[in-house]
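Enquirer: Protein chains in written order, with the numbering used here: chain A, 20 to 517; chain B, 6 to 505; chain C, -13 to 84.
Calculated directly from the structure, the hints in this document are not laboratory data.
Nothing here was measured: the structure is a model prediction, and the numbers come from that model.
Watch out, some of these pointers could steer you wrong.
Cross-link-like lysine to any residue pairs, in silico, SDA-like; alpha carbons within 25 Å at most [claimed, not checked]:
id	chain 1	residue 1	chain 2	residue 2
1	A	Lys434	C	Glu10
2	A	Lys111	C	Glu61
3	A	Lys373	C	Val12
4	B	Lys147	A	Ser358
Footprint (simulated), chain B over chain A, 3 or more residues, beta carbon under 8 Å [what the hints assert, rightly or not]:
id	segment
5	111 to 121
6	214 to 223
7	243 to 257
8	313 to 325
9	345 to 359
All C-beta atoms in this analysis are idealised placements derived from N, C-alpha and C, irrespective of residue type, glycine included.
Spelled out from the first residue to the last, the chains are:
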Amino acid sequence: MIRSTAAEMAAKLVAGEVTSVALTQAHLDRIASVDADVHAFLHVDTEGALAQAASIDAKRAKGEKLSPLAGVPLALKDVMAQKGIPTTCGSKILEGWRPPYDSTVVASLKKNDIVILGKTNMDEFAMGSSTENSAYGPTHNPWDLTRIPGGSGGGSSAALAAFEAPLAIGTDTGGSIRQPAAVTGTVGVKPTYGGVSRFGLVAFSSSLDQAGPCARTVLDAALLHEAIAGHDPKDSTSINAPVPQVVNAARAGDVKGMKIGVVKELNGDGYQAGVRARFEESLELLAKAGAEIVEVSAPNFEYALAAYYLIAPSECSSNLARFDAMRYGLRVGDVDGASAESVMNLTREVGFGKEVKRRIILGTYALSSGYYDAYYGSAQKVRTLITQDFTNAFAKADVLVSPTCPTTAFKIGEKANDPLAMYLNDIATIPVNMAGIGGMSLPSGLADEDGLPVGFQIMSPVMKDERMYSVGAALEAALLSKWGAPLLDKAPIMGGAK
Amino acid sequence: MSLTYDDVVAKYEPVLGLEVHVELNTNSKMFCGCSTIFGAEPNTQTCPVCLALPGALPTVNEKAIESTIKIGLALNCSIAPFSRFARKNYFYPDMPKNFQISQYDEPICVNGYVDVEIETDEGTKQFRVEVERVHMEEDTGKSLHVGGATGRIHGADYSLLDYNRAGIPLVEIVTKIVPGTGKYAPEVAKAYVSELRDILRGLGVSDVKMEQGSLRCDANVSLRLIGSDVLGTRSETKNVNSLRSVERAVRGEMIRHAELLNKGERVVQETRHFQEDTGLTRSGRSKEQAEDYRYFPEPDLVPVAPDAAWIEELRAGIPERPSLHRKRLQEAWNVPAKEMEAMINADVLGIVEATVALGADPTKARSWWLGEISRLANERDTAIADLAITPTDVAAIVALVEKGELTDKLARQVVEGVIAGEGTPAEVVSKRGIKVVNDDGALMAAIEKVCAEQAETAEKVRSGHLPAAGALIGAVMKETKGQADAARVRELLLAHLGQA
Amino acid sequence: MSSLSRDDVAKLAGLARIEMSEEELVALSNEFTVILDAVARVQEVAGADVEATSHPLPLRNVFRADVVVPSLTPEEALSGAPAQEEQRFRVPQILGEE
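So that you can see chain A by itself, here it is in the shape it has in the complex (with noise of 0.2 Å):
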């Protein structure tokens, strides 16, 4: 049962083959079963989830009408705030904080009926590609427990490739989604900039973050991004428009007459043999579908990640100074004759990780006067040329393409030490970030040297995100006939479970 698309979950809900509690007691069986190994849970809400599927299964019952993924479960990325329920982000400095309200996107999911069975692990307030930055200790790849399952959203994608979850609500700032969906075998979406609320997501940096719909299928993230999109009067960058039509795009995977553009600077070079490999198959395959290739450039890429690495630590400096000890989150050193302030340093010092302290310094840095220009001032430039570049290119392709990151999953603890080797992760995916569009990450396949799954980046225009879902439908389609059954299925079983 745990096996199913969230799809086919909720098609034998409706047909009233089987219970949402059912459902949820199997998924919460099977994460009793494997996450002691994996550990992409931080939290799991057994009773407010069994409460929540046996009152859906009661309105189905009375024979209401229910949203189309009503009763199927999903794992929240622990940095959207649900109420009364622990939300850490990952970090120390909010250990045991319930906060008093419902991000929108946990809203969304409430009113469609979908049950959350507990909030997962993320490198500390979303900075990192591996999850290693948890203070909660990291998360480990299904594939390979020694590995990583990337980062920041780590844990939703485990989740998902354990089959822990058959849904998953991640963040993606540079990456965050996709990056870990591509080294788990599994489908990872950020949505256009404002697609989604942010009302609720704890921000990182601001004009970069986005919440989006993570699944091991392409339609069963169609049918979440439906679930969890559209304008918020509470979020003032969320745009007014109505959503995308992804679910019917995914249903239709046509791709007949679509220009699919292959970024020359991101075409591969220099990434892991088998990244490649499984890009030049899946470009073959799009061809064969009806799609006409096509090389466009964008010549500002490589500033991109440099732009990358000083806006978001700029926004987090600032987004991250709330965590002060006086109002909510860890206070230490409130002793005799202590000050606010050392109070304020102390808790910070303890209750940040490295990378979060290393980013809020060099935000700090990039912001301060004296250095604005040549810093932030000057990556605000290069992100409105990384936006004409894609501009041009979208005047000559209906979506980008690139592998999704350079290589599989890397073992744990090999790149802790090294961040600007940590930071290349993200080499293809910042770029979309930083222009606000839409970019997806589906399986292509595994490597061949090490056998571990290999992600295919689809890009596409503000607000055109159903040309993703086309191109991700078609692409998934072509692969599964290829590979006779789904890429999950080679994965090593754990916990004995069927």
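Mind docking chains B and C on chain A? Use the hints.
Expert: Quick look at chains B and C alone, frame taken from chain A:
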């Protein structure tokens, strides 16, 4: 030996800069929908946004934008076609996000001016105070410092924070530097803040009560040698809670700076706090190690680009500048400046204007409101505006007196009756049976009676001692229950006693 | 070659209210030499004629009507408070000016 003010202005000339913060009277806060009502129980008007809970996002109050544009227009500013919010980053427990959403290099209003008038030795002089910018920001929470001697921050053991006030809309109005005021700097500063207050009150965007903190003034003062181009170091004085304090603070700082400079010492660039009791300033935070605020555009809010049509619509609704309006009334009514001031101070100008609009003679209207009604208000320890008597009532009373149906004395009874809630003047007259006794016959009867009863006094008057008539008139008034026209009584009485 | 000295890092840590150990200050100073070089690349293309992007979307004038909506209850507001007294957040003595 301390300097006199005259010593100071003989050698130095002051340069002023004024920053005024105005708390807007919107229903909800600047960036969230919490109520702004003053005096609520602590932390009952807060939400994830104004508490800066993780994940919360700001949304801009449309009325606050409107009010700010109106303020800019009333101060003759240009409204920026494109303006942005910016984050001002610094840590302080009363500021939940540890940054304030404000505006930096793209404020919403720029380059305006306020004309003020002050009295100088050479008569009335006009000064134009130029306004650099008007921008929007948000207020902080309130802290209670516990444990120290005076409830102030120094020596406190800990503090208690109430965030009801956090996020209330603030408008900051910053002047360009104001040179050329010479020895009148304190008066110009006071006049500017006063005029600003009147303009803001006229716009209805704030209740501008300095004592309550809805209008706050920071005064920047520096001195330079007369004739020099070189600007001196300035100090910023906060905690200036009244118009009088503005004047005293500026004067005090000028003297303090001069004393330092005369001794060859340096003026420290710092923030100082005004002490009401002494009229002096106390050193606060040193601005020499100015905190780097690391301003950058607020990513959670989009730019403000008010369209020209909206601006013109708002411009049309701006009332006439209060000082111009007052000048116009003063000329129309032919009332001396001192009396205008009296009406303004008693806050009855609008009421008097309304009474005149209903047909009453301006001098009579003024004399009723400032005189008898004011007295009755004081007696009852209420504001004039809170009494039950209206401009319509007063206009009616003035008309009745003019027609001769009431004497001044009787009119006062009617006023009392209206205030007591007995009804309109006509109703009061009828209920109380107030009537002027016009009938000479009745008056003569009373006069003869009184003269008979007070024969000696009558004799005094007969022999030319006119002041004695007063007692007799008084007696006649009593006899007629106060309803006689005292002037007519006097006429008849004197005639009767051969002194006409 | 851009770099931050240990003292520069200490100043920044002060601005950011983080009490860093001596080791951390030195380590960061070393790391930044490499990082700053990498990020300084943005200056190569950030010409004077290029405009800065602060918002990815061209949105303008997003406003909220001036209407009061229910606040949190004081219990909810104070629910995360490390210390509270008389329905207020209790914080250690504040050194700054008043």
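Enquirer: Given the hint that lysine 373 (chain A) pairs with valine 12 (chain C), test it: the Cα-Cα distance must not exceed 25 Å.
Expert: Given that 25 Å is the threshold and the Cα spacing comes to 13 Å, the pair holds.
Enquirer: Report holds or violated for chain B covering the segment 313 to 325 of chain A, Cβ cut-off 8 Å, minimum 3 residues.
Expert: violated (count 0)
Enquirer: Can the segment 214 to 223 of chain A be counted as covered by chain B under the rule of three residues or more with Cβ-Cβ separation shorter than 8 Å?
Expert: holds (count 6)
Enquirer: Are at least 3 residues of the segment 243 to 257 of chain A within less than 8 Å of chain B when you compare beta carbons?
Expert: As far as the segment 243 to 257 of chain A goes, the hint holds, because 5 residues have Cβ atoms under 8 Å from chain B.
Enquirer: Between lysine 434 (chain A) and glutamate 10 (chain C), is the straight-line Cα distance small enough, at 25 Å or below?
Expert: holds (19 Å)
Enquirer: Going straight from one Cα to the other, do lysine 111 (chain A) and glutamate 61 (chain C) come out at no more than 25 Å?
Expert: The hint holds at about 24 Å.
Enquirer: Counting residues of the segment 111 to 121 of chain A with a beta carbon closer than 8 Å to any beta carbon of chain B, are there 3 or more?
Expert: holds (count 5)
Enquirer: For the segment 345 to 359 of chain A, do three or more residues have a beta carbon lying closer than 8 Å to a beta carbon of chain B?
Expert: The restraint on the segment 345 to 359 of chain A holds, since 4 of its residues have a Cβ under 8 Å from chain B and three suffice.
Enquirer: For the pair supplied as a hint, lysine 147 (chain B) and serine 358 (chain A), is the alpha-carbon distance within the 25 Å limit?
Expert: holds (18 Å)
Comparing the model with each numbered hint stated earlier shows that hint 8 is the single one that does not hold.
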